[in-house]
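Mapping the sequence shown onto our numbering, position 111 (from 1) lands on 110, and the numbers just tick up by one.
Simulated from the structure, these hints should not be mistaken for lab results.
Among the hints, a few may not be true.
What the hints assert, rightly or not - Listed next, with one range per pair, are the computed distances between beta-carbon atoms:
1. ALA134 <-> THR83: 19 to 25 angstroms
2. THR57 <-> GLY116: 16 to 22 angstroms
3. THR84 <-> THR57: 41 to 47 angstroms
4. GLU126 <-> ASP81: 38 to 44 angstroms
5. ALA145 <-> ASP65: 17 to 23 angstroms
A virtual CB, placed ideally from N, CA and C, is assigned to each residue, including glycine.
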Amino acid sequence: MHGRRAAALMPILAIAFALTGCASAASTFDDAVGQGIAAVETARLAVDQQLDGRTFDTTAITTLGDARRELVAASTTVSQTDATTTADAALRADVLDALADGVEAVNDARDAMAGIGALEEVVPELEQAADQLEALEARTAASADAGGAP
0 MHGRRAAALM PILAIAFALT GCASAASTFD DAVGQGIAAV ETARLAVDQQ
50 LDGRTFDTTA ITTLGDARRE LVAASTTVSQ TDATTTADAA LRADVLDALA
100 DGVEAVNDAR DAMAGIGALE EVVPELEQAA DQLEALEART AASADAGGAP
């Protein structure tokens, strides 16, 4: 009896696995933008705490490194996602640009922590990167909700 139940469930499980593995490009882009926002905001918080003397240098450097890894991971995911429409291709390019700006801002923060430049000068750069990603978030969410069409 258990063998027949298991055999009957196999096609259902196969379909479920196939459907969960087939996220739309727009959904992938939306997730990456969310990941990017979280990473840039985390970096901005680390810089703010460092400027206020409320964290250790090692903690800030580690936090910035983690933020950079998240941004790079999001960028890699987006760059490896195939576009199925012209709109998807344009959205992918915009997401990659915004994530690259986030990586650059976080790199500048890490450089400032190492004495290359001033940490205060990085704050507006992080804010701009966060604003760019947040503006893009509405577009990626709308595209994901529409099933990939902007």
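Outcome of the hint check:
1. ALA134 <-> THR83: 19 to 25 angstroms: holds, 24 angstroms
2. THR57 <-> GLY116: 16 to 22 angstroms: holds, 19 angstroms
3. THR84 <-> THR57: 41 to 47 angstroms: holds, 46 angstroms
4. GLU126 <-> ASP81: 38 to 44 angstroms: Check failed, 33 angstroms falls outside 38 to 44 angstroms.
5. ALA145 <-> ASP65: 17 to 23 angstroms: Distance hint for ALA145, ASP65 is violated at roughly 33 angstroms.
Checked against the numbered hints given earlier, this structure breaks hints 4, 5; the rest are met.
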